[in-house]
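Trainee: Sequence:
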Amino acid sequence: MLNEIAHKCRGLFTMLWREVMKFGVVGGVAFVIDTAIFVWMMNGPMHGSEVKAKIVAGLVATMFSWVANRYWTFRHRRRASVVRELVLFIIMNGIGLFIAAACVWVTKYWIGLTDQASLFIAGSVVGLVLGTIFRFFAYRFWVFTEELDAEPGFDHDRELLGQPAPRTAPVPDIGDRDGDAGTTGRP
Numbered sequence: 037m038l039n040e041i042a043h044k045c046r047g048l049f050t051m052l053w054r055e056v057m058k059f060g061v062v063g064g065v066a067f068v069i070d071t072a073i074f075v076w077m078m079n080g081p082m083h084g085s086e087v088k089a090k091i092v093a094g095l096v097a098t099m100f101s102w103v104a105n106r107y108w109t110f111r112h113r114r115r116a117s118v119v120r121e122l123v124l125f126i127i128m129n130g131i132g133l134f135i136a137a138a139c140v141w142v143t144k145y146w147i148g149l150t151d152q153a154s155l156f157i158a159g160s161v162v163g164l165v166l167g168t169i170f171r172f173f174a175y176r177f178w179v180f181t182e183e184l185d186a187e188p189g190f191d192h193d194r195e196l197l198g199q200p201a202p203r204t205a206p207v208p209d210i211g212d213r214d215g216d217a218g219t220t221g222r223p
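With positions in the sequence shown counted from 1, the corresponding number in my numbering is that position plus 36.
One or more of the hints may lead you astray.
What the hints assert, rightly or not - Derived DEER-like restraints, expressed as beta-carbon distance ranges:
#1 103 with 75: 21 to 29 Å
#2 148 with 119: 18 to 26 Å
#3 154 with 54: 31 to 39 Å
#4 60 with 99: 14 to 22 Å
#5 118 with 61: 19 to 27 Å
#6 76 with 40: 23 to 31 Å
#7 145 with 92: 15 to 23 Å
Derived by calculation from the structure, the hints in this document are not laboratory data. Predicted model, so just to flag it, every value in this text is computed and none were measured. No residue lacks a Cβ here, since even glycine has one placed at the ideal position from N, Cα and C.
Let the sequences and hints guide you as you build the complete structure.
Mentor: Have a look at this one:
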């Protein structure tokens with residue numbers, strides 16, 4: 037029993053590591069974009085409106101993230117309907133952005149820390165870490181949900197988790213008249 041659980045956990049890790057690494061690179065670049073805009077806006081056009089500054093920075097980073105995740109991280113899992121995928125992505129990112137903005141709000145209004153370092157840590161460290169964890173699983177299981185089995189390099193992922201491979205219809209032999217694979221169709 038324990039051995040089976042360990043085997044499934046190793047399989048899950050093996051299956052997810054490729055996506056986690058790409059997601060991490062996209063997230064790192066989005067973090068730089070988000071942080072640069074957040075700091076610039078806190079010190080400039082939105083001085084005193086840190087929650088709004090966090091929302092604007094998050095929106096810009098979100099648009100970069102959608103493009104990068106769609107065309108690189110989860111390119112093998114893209115939906116045929118771009119609009120549906122984008123709507124789901126925006127909803128999930130809205131929740132992630134709410135998590136980051138809520139961390140700034142709690143720090144400023146509940147805890148009472150109003151210095152820029154505290155607000156930055158709340159929004160761009162704690163909020164982004166919590167939001168990123170949520171976003172990865174939301175993207176993987178709700179936004180980019182196409183099956184991996186057809187993609188080279190992903191075709192054995194189900195086996196790693198101890199799940200049976202998806203059933204495929206047998207391909208009949210040439211000359212097969214009754215549809216049974218492996219028969220010649222001769223009387």
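Trainee: State, for the Cβ atoms of residue 145 and residue 92, whether the hinted interval 15 to 23 Å holds or is violated.
Mentor: Holds, at about 19 Å.
Trainee: Against the range 18 to 26 Å, how does the distance between the Cβ atoms of residue 148 and residue 119 compare: consistent or not?
Mentor: violated, 43 Å
Trainee: Has the hinted range 31 to 39 Å been met by the Cβ atoms of residue 154 and residue 54?
Mentor: holds, 36 Å
Trainee: Please check whether residue 76 and residue 40 have a Cβ separation lying inside 23 to 31 Å.
Mentor: 52 Å Cβ-Cβ, so the 23 to 31 Å window is violated.
Trainee: Does the Cβ-Cβ separation between residue 118 and residue 61 fall within 19 to 27 Å?
Mentor: Roughly 23 Å apart at Cβ, these two residues keep to the hinted range, so it holds.
Trainee: Return holds or violated for the Cβ distance of residue 60 and residue 99 against the range 14 to 22 Å.
Mentor: holds, 19 Å
Trainee: A range of 21 to 29 Å was offered for this pair. Does it hold for the Cβ distance of residue 103 and residue 75?
Mentor: Check passed, 23 Å falls within 21 to 29 Å.
Comparing the model with each numbered hint stated earlier shows that hints 2 and 6 do not hold.
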